[in-house]
Amino acid sequence: MLVLLISIIGIIILNFFIKAPQQPPKPGPEQQQAQPSPSPSSTPVTSQSSLPAASAHSKPSSGSLPGKRASSETETVVENDLYRITFSNQGGLVKSWVLKKYKDDSGKPLDVVNRVTSPVAGYPLSFFTYDQGLQKKLNEALYVPSATGSLAAPASLSFEYRDGDISARKLFKFDSTSYVVYVETEATQNGQRVPAYPAWPGGFGDQTALSSYAPMRIDWDQNGNITRQSPQSGWFLTGKKWVVDGLTVNGPFQWGAVVDSYFTGAFMPESPKDAVAVTLHRQVGIPRNLDKPNESEKDNASVLGLAMGSTDGLTRERLFVGPKAVDILEKTRAQESGPDLRGVLDFGFFGFISRPLFLWLKWTHQHMINNWGWAIAFLTLVITIVLLPLRISSMKSGLKMQRIQPQIKAVNEKYKRYGITDPRRAGMQQEISELYKKEGVNPIGGCLPLLLQMPFLFAFYSMLGNAIELRQASWLWIHNLAAPDPLHVLPIAIAITMFVTQKSAPQAGMDPTQQKMFAFMTPLMMGMFSWNLAAGLGIYWGLSNILGWVQQLAINRTEFGKQVRKTLDKRAKRKK
Numbered sequence: 001m002l003v004l005l006i007s008i009i010g011i012i013i014l015n016f017f018i019k020a021p022q023q024p025p026k027p028g029p030e031q032q033q034a035q036p037s038p039s040p041s042s043t044p045v046t047s048q049s050s051l052p053a054a055s056a057h058s059k060p061s062s063g064s065l066p067g068k069r070a071s072s073e074t075e076t077v078v079e080n081d082l083y084r085i086t087f088s089n090q091g092g093l094v095k096s097w098v099l100k101k102y103k104d105d106s107g108k109p110l111d112v113v114n115r116v117t118s119p120v121a122g123y124p125l126s127f128f129t130y131d132q133g134l135q136k137k138l139n140e141a142l143y144v145p146s147a148t149g150s151l152a153a154p155a156s157l158s159f160e161y162r163d164g165d166i167s168a169r170k171l172f173k174f175d176s177t178s179y180v181v182y183v184e185t186e187a188t189q190n191g192q193r194v195p196a197y198p199a200w201p202g203g204f205g206d207q208t209a210l211s212s213y214a215p216m217r218i219d220w221d222q223n224g225n226i227t228r229q230s231p232q233s234g235w236f237l238t239g240k241k242w243v244v245d246g247l248t249v250n251g252p253f254q255w256g257a258v259v260d261s262y263f264t265g266a267f268m269p270e271s272p273k274d275a276v277a278v279t280l281h282r283q284v285g286i287p288r289n290l291d292k293p294n295e296s297e298k299d300n301a302s303v304l305g306l307a308m309g310s311t312d313g314l315t316r317e318r319l320f321v322g323p324k325a326v327d328i329l330e331k332t333r334a335q336e337s338g339p340d341l342r343g344v345l346d347f348g349f350f351g352f353i354s355r356p357l358f359l360w361l362k363w364t365h366q367h368m369i370n371n372w373g374w375a376i377a378f379l380t381l382v383i384t385i386v387l388l389p390l391r392i393s394s395m396k397s398g399l400k401m402q403r404i405q406p407q408i409k410a411v412n413e414k415y416k417r418y419g420i421t422d423p424r425r426a427g428m429q430q431e432i433s434e435l436y437k438k439e440g441v442n443p444i445g446g447c448l449p450l451l452l453q454m455p456f457l458f459a460f461y462s463m464l465g466n467a468i469e470l471r472q473a474s475w476l477w478i479h480n481l482a483a484p485d486p487l488h489v490l491p492i493a494i495a496i497t498m499f500v501t502q503k504s505a506p507q508a509g510m511d512p513t514q515q516k517m518f519a520f521m522t523p524l525m526m527g528m529f530s531w532n533l534a535a536g537l538g539i540y541w542g543l544s545n546i547l548g549w550v551q552q553l554a555i556n557r558t559e560f561g562k563q564v565r566k567t568l569d570k571r572a573k574r575k576k
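Residue numbers (this note's numbering): 1 to 576.
Think of the hints as simulated: they come from the structure by calculation, not from any bench. Possibly wrong hints are sitting among the right ones.
[Claimed, not checked] Below are the DSS-like pairs computed for lysine-lysine, each with C-alpha atoms no more than 27 Å apart in a straight line: (1) 566 to 503; (2) 273 to 331; (3) 414 to 437; (4) 137 to 68.
With these hints in hand, go ahead and build the complete structure from the sequences.
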């Protein structure tokens, strides 16, 4: 009360002693005509150095700054040998980002701005803010660009907007030799900076079919720990989607990226400790026929995005937009002393195997076989030869197990009348162990060699699924080894070769009805599974089955194989 009383007395005294300021005389008619009214188009564009940077803790200004906005939409194109980027001053965002060295399905240079999802989810380098009204205004406002028309890198481009108590600016710098663009953004309201982060919200332009949205992820690196999130991760446990729209994740971040099968948009903050990420997730209807999007039926797809900026409101970062190619990612460092972007390329759990495999495949393509399909076939042949001893050991162990099945069955029948908890039941295991020892059979001998092969085979599978070099690579009748076989010859071949391999390997101890179901259902299921598999993987799988069948035939023709076959034939005749 005392402070309030003193304040009132002070105001009265000031009003009594201080005269009111005199109003300036109004200009006459001639003076009014001589002063041109400011228009958005005539507002001079200031450089970045002359732009006042509002402090995060600065006080609100007492009056609104002069407005600064364009009168109409314009475009600015920036390009180098790798890309051609088209900016719109409406929102100061990207409407087209063409990667010159890559083609779309029609053979034209690939535009990584998705023309279906971007109008719904948002365009690249638009602002994300927690206030939807402010976000809409910032992304629809007409900014004043520093240049229009065409620019050749190295170059810089800025956009400025100011309207009442809201202002925003964006600065981009481009070099002539890389896929990296420097980004600096800032937005203020009432003289204070507000969280407004540059975003890549709308997927990528190579995503055409509905299935191409499934591999989308959001990845980030926090002090060497890489997190990968997909829209369906953990769904079977929680019933909820992993990537939550608008979820804020605090840093530090060395980099954060939106990725699909072959391309990525990766933010690399200048100050990792001050960086914050916001995950974006929208359901967008994807037309089944892109040539007639308004007439075609649509299927919903999960479209992921990422916004990344600085907690102090002034964002300085670099953005890599390009292919997930090993050599390019390894040359791109997030910070001067930070990690490179190789973590964006996920080679799976057995990456320590699949990565050398890919480098070997690439070397084979560059120095020996100038066709990716035949290079895959060659590697499959070499791998099969290397794993041949393991496969032969597994096959022999399986044949030995088939040979002693009658004795094992007799032992099981002998102890059948005893319950599981009966102490006499332990004698069954002892007799079976003695039988194994007498016949020289290792009960896990058939499984262990296969288990030793599995990491190698999974690594090969993961490697082929991530190689952008296979995208639009041709082999015989196939024009894109990263897409399914258009004639489905490979899936049919996989099913047939699996069937004949099983027929050539007799399955003793199995019920005849079950054996027939196993012989037909398993190849059929594998054929269906591989129906939409990438053709490069189909080459590996089909050729592996053929080589496995040849190996089985070779084992069957040995003396040991003939002996086992004769025993099984006699057993089958006795059953009949």
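Here is how each hint holds up against the structure:
Between the alpha carbons of residue 566 and residue 503 the distance comes to roughly 16 Å, so the proposed pair stays at or under 27 Å and holds. The hinted pair formed by residue 273 and residue 331 meets the criterion: a straight-line CA distance of about 23 Å does not exceed 27 Å. At roughly 19 Å between alpha-carbon atoms, residue 414 and residue 437 fall within 27 Å of each other, so this suggested pair holds. In summary, the hint linking residue 137 to residue 68 is supported, as the alpha carbons are separated by about 14 Å, within the 27 Å threshold.
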